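Residue numbers (the working numbering), protein chains in the order written: chain E, 1 to 204; chain C, 1 to 693.
Simulated from the structure, these hints should not be mistaken for lab results.
Not one of these hints is a red herring.
Listed below are the simulated SDA-like cross-link pairs for lysine to any residue, each with C-alpha atoms no more than 20 Å apart in a straight line:
1. E:K135 to C:D184
2. C:K595 to C:G553
3. E:K146 to C:G527
4. C:K160 to C:D184
5. C:K485 to C:G441
6. E:K146 to C:F256
7. C:K160 to C:T116
8. E:K135 to E:W201
9. E:K135 to C:K169
10. E:K135 to C:P258
11. C:K595 to C:E679
12. E:K146 to C:S218
13. E:K146 to C:D257
14. C:K682 to C:E481
15. C:K169 to C:V135
16. E:K146 to C:P258
17. C:K169 to C:P75
18. C:K169 to C:A188
19. E:K146 to C:S339
20. C:K633 to C:G565
21. E:K135 to C:T178
22. C:K160 to C:A188
23. C:K126 to C:Y148
24. E:K135 to C:F256
25. E:K146 to C:Q338
26. E:K146 to C:M340
27. E:K135 to C:G183
All values reported here derive from a predicted model rather than from experimental measurement.
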Amino acid sequence: MNTLRIPTMLMLLLLATACVTINVYFPAEAAEKAADRIILDVYKNVPPGQAPAAEPAPQPGSSTQPQTGSGRAVSMLLDWLITPARAEADLSRSSPAIQQITARMEARMRELAPYYSSGAVGMTRDGRIDVRDQKLVALPQRNAVKTLVADENRDRDALYAEMARANDHPEWESEIRATFARRWVDNARKGWWYMDNSGGWKQK
Amino acid sequence: MRVAAARVCVLVLSAAVLLAGSILPGHAIDSAVLQLGSVAGEGWSAQDVSLQLDWQQDTEAGVVLRASQLRLPGPLGDLGAVSLHCPRLSYNGAQVECPVGQLQAESGQFGSQRITVSFRYQLQDKALALRLEGVRLHGGSLDLQANYAGSGWSAQATGKNLQLTGISKQASALGYPTPVLTGDGRVALQARLHGRGAQLGEIRLDLQLQDATFTDDSGSLAAEHATLHASMQASPHARDWQVRLQVDAGAGAFYFDPLYLEITDQPLRLDTSLVWQPQRHALQFQDLRYHHPGVVELQASGKLAWQDGVQLEALQLELSEGVLPALYDSYLQPWLTQSMAGALQTAGRIHGSLQLAAGMPQAVHLVLSEVGVEQRDARFGLQGVNGTLDWSAQQARQSRLAWQSGHIYRIGLGASEVVLESTGNRVRLAQPAQLPVLDGGLQIETFALEREPGSSMRWAVDGVLTPVSMQALTTALEWPEFGGKLSGVIPQVTYANGDLTVGGVLLVRVFDGEVTLRNLKLEQPLGQVPRLQVNARAQNIDLEQLTRTFSFGRIEGRLDGRVEGLQMEAWEPVAFDAEFATPPDDHSRHRISQKAVDNISNIGGGGVGGALSRSFLRFLEDFPYDRLGIRCKLQDGVCAMGGVAPADTGYYLVKGRFIPPRLDVIGYSDRVNWGGLVEQLKQATSGQSPIVQ
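One chain only, chain C, in its complex shape:
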């Protein structure tokens, strides 16, 4: 566009020179006004053109060129009341020069303009030098300087105090892919261009933004009190552009959806070489260096393409420094809000490299130093992690990770080390690993993980749980403390489609008896509604230890039981079929205390609670019994109750010995509200007296 404008100037000048050339030698007249009417050329036209000449000396004249309207191509558009006044235009046969003049015009777009103009045109070599000062633009001013000669041309623009919003709007209106910004911010810029004919040689652009607060229309690009310095060199090569870009962000806060960057003390710097291929819709970047002091330093090269949306086609990234938690908080977490990894507290340092090809990861190498990861809701954590992670899409790679400590929910994990081997979508344990769990350990024999493209992750573990003391486990879970051991052979733990299935048997030696857990399945363990299914069997439980632990009221004897089809939803039972009773062949001492009788009678809804204290039986501390037991089949919040044996009406919860003092506890309620039952159990075990209604 500027080239076209320059041509117009040249044409007008040529007309002036011709006139001057034909009239000056004669000196016949001192002053002349030429009405030229309408003048038009390719892409431009002018109305009511007049030229006024006032002779001063042989080679000098005052010239005023006027047009009521000037229609120009490109961004300049229509201008009204155009006048070019050069009080001392000189002509000496070799050149025309206007050392100082004034150009005035009314522009719909740029307002009223009074521009200081100077120019010189050399006829021999057709060299033009033009200077415009004080162009009013976007609240600021712009100075322009252009030189044209046979050997080439150059132009320079210096802008001061320009409004960022105005520039962005205009750039967008001109068809540049720039966002339209609103807000406040001033720009100082300097642009230098040179070329030859229609061929642009190089553009150098230097841009400074001071204390700018702005946003684009969608809010995905925004800044507050931002200070930015960008410099760019660009030159066309065939159909491509070679660009060198350097950006320093010195102060303020920036939001590039979804990244939020706040500059505290040292500036953030981006430095890169680019090859822009507009026809191929591609942008290659080489030797990109990005430095966010105290957070991240990286080098990269790669290629971006946009056919349908922007795609990172290739990337070779070297992360020479990554400092946690800042690296995670600023650069990783914003992409991960939808996943479990989006809620972590991190620490430590990492460095490494990453390769992508055709939008797919090809290789990752990561070195971790004293890394700590802690989930926001304390669901899991790992501290003091050191080692390397290596992965390649094609080749087998080995990774080695060691950590000081960790936890899953409240269960502590000790220091351990794993060696993993990965090939493409598969990862496996290269050698068995020992993972300390509380005071026991999980011996992991095999571990294999795979993730086929387009499907969810699956993994399987084979291991043995060497005994963990129940004391440690109950303390960790903040349950009432009790003795015993938890152990098990876990032949196959598999995770597929979000569900965790435990094969084999988990064995809990507890209260001098055994509890075995089978068919354990956990649906969506990390989802919104975790669901657990398990079948349990208890054998030979010592009731005295059990009742003492839960302060239920002392009972002596043994207990067997089973819980079939236990289903827990959000960690609360919603269905099961459970039965606990004195084993038929139990020959141990059977005694039950008054407190226990009271508690049991309330559970069964028998309502004998308090009856004991009103009879002579209150003088006895405990009673012998033959058998005791309870059944509950839970469904839809209601427990279908039963006891150890049917009674004439109802069922026996405690069946007394034949010989006196005989005490039977008989339950009558067939259906009990599960929530109420749990409440009663809680009250009973918390030592409070139950409320009998």
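Bound-form chain E, shown alone:
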């Protein structure tokens, strides 16, 4: 019986290692850099005012959670057994779609900037924008602003999906969106409005 036990253990170990061959973490830091490149491009058309204030971003997401003691040991053993393959994913890859969407957003920024400044338009938690207070928009322009917001959101949704797709990780769309949501606010001008975690509007 004992002779059978060792191969069984080996089989189990092999099975365990087979399950953890690839570890692809969402590259939080790289995502922020990639987001900043695009965001600063879009914001560069904002008429001069206060300089955009980039603040140190809040901490990366879920992928770098500390592991518990026993989990860590297992992980080290597995690392020893088989080196985990880390996918190259720095989110820096661009594509014609990303460039075209960014170009449209840059052009639209000229029209949107006054509404960000007045507080008529604000940034939402999901990386989109919304009409925050339409009373701040003259009556004849209200529908034009709504159209601008709708166009911008269509482009933003497409941008997050395209960045995930261009970097071969379509499943990262929501994390990319969350990264952008933070960085749009961090890079925004002082005085612009954004939605905080509780869903209330706050002025930067």
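Add chain C to chain E, keeping to what the hints say.
What follows is chain C alone, placed relative to chain E:
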């Protein structure tokens, strides 16, 4: 509430009359003050009530009725320092009358009031006539008149210069479903009510708003410099109300989210009969007429219901006049901002009808006269459209549309006519249609469209593309002009889930050869990121015509090629596997010019550019060659390069003839940046000398 207030007056009067009745005949005293202390009745109470009487004649006395505090039900609330002074109250056994008096009170809500009062009460038939003048209300004044008799009662209120914001706030506080407004605007109103007992017979309300600028809290109802006149007649019938409403907007701008209406010269008018069923949460409208001069005139009837949100349950609408672009800009576009139809420039006139039942469209009939539609970014347009559109949810209907001209992107479409048959969710072409495209045409054999509820639209077309000259097409697309013909049998073009798939083969006869396109698929053609997939094959292309057209430098010979798995994103290639080469069995004359050699060597990264001019070969204008060719497999922005044949190191882009002068162009770069390659090709074909590094 007013009824309750009237009762209080009657009670107080009765007390005064009783006192007067018991004291006057005696004439024993000239003056009397009665301290009544606290007096209370159902829903009201008064503190420190006193009554002072000063006899003047047999039937006349000066009366002052005071209370330190009066608590009334309803909107009047608490009043302080209340006094009613009637200097000449007369009593003759049949009636009590105060021809002129003054009522003073301090109200927390309405401020300090000094109201001129007159009343007359007839004891026999218990008829009361009451008049209050100069009630201070919302910055203006209000006059009230009430009559009560056994046969019924009537009341009239006339308000002047009242603040709109105050009225809206109070109406809302009283529980009426009206918005609270902020801003500036004055209201003049006249209300007449009559009834019998507790039963209201009729209300007539006439309201005038002058130069008002206001907004509600959310900004979804707003106006600027608005002048409005509304008149309403309402009467209760069992549990419902019958209402006749007429609204004239004479000037200013109005915003009813999402509609924005600006009144220019003639007033806008709404006129309707309503049945309001508050218990059923429903509002029926009949004989509704809406006229916005020069824009729209319509009649409608229907039913609105609000259980969870407002729903249009039924609608029968007759549009007798609709003028574009104003009708589209003011009334249609605001609802369509999220769709492609939200960015159109329109012209022409329409009229027709629309029926809805249970919130769902039942039938549409639309007559179009000289209608023009143009997409804002010039993606498509159709001009001079005439005809009828007919659709019914249940029955088959036929529509006929004809147009003068149109375009899709830059490709022009000629005059044409289509006859469509629709049944519920399906539309099909009733007879084949001929659609002129540039100098050719698209013969559409069948067309079928369907839209199942809850799913996206699908359609399919079968057709034949009769030859379109490439000259016309290239001119239209602003490409370098070249000859040839584009034609094809398009057995099945389908559109489903936002993707357009072209079955069959598109054939382009060009440069004396043929290019065939297969498996053409267009994902989200009108979306944010259109994606195109296609496989192409080129056969027997005459290189001389091709190189002349693109001023690449003259090459003679033939070329075959294939492009597999071409994927374009936002109209730029992102992946393909392409190979172009001299056909193995080509026996035509093979010559290549110096300029072409320079250009090709730069593409291959061979770097021979300029080498020719430094050797004796510079005296030759062109060279013979055996074969030439290029391969590029594009992925992730990098082109994996290859040539017509492998060389010892690298690959042949041009392989020379065995006999001299022999010239080979050999490429060494395995991987070339696609963006750089495109840049080099652009420079080469624009006639500029390439930059060799």
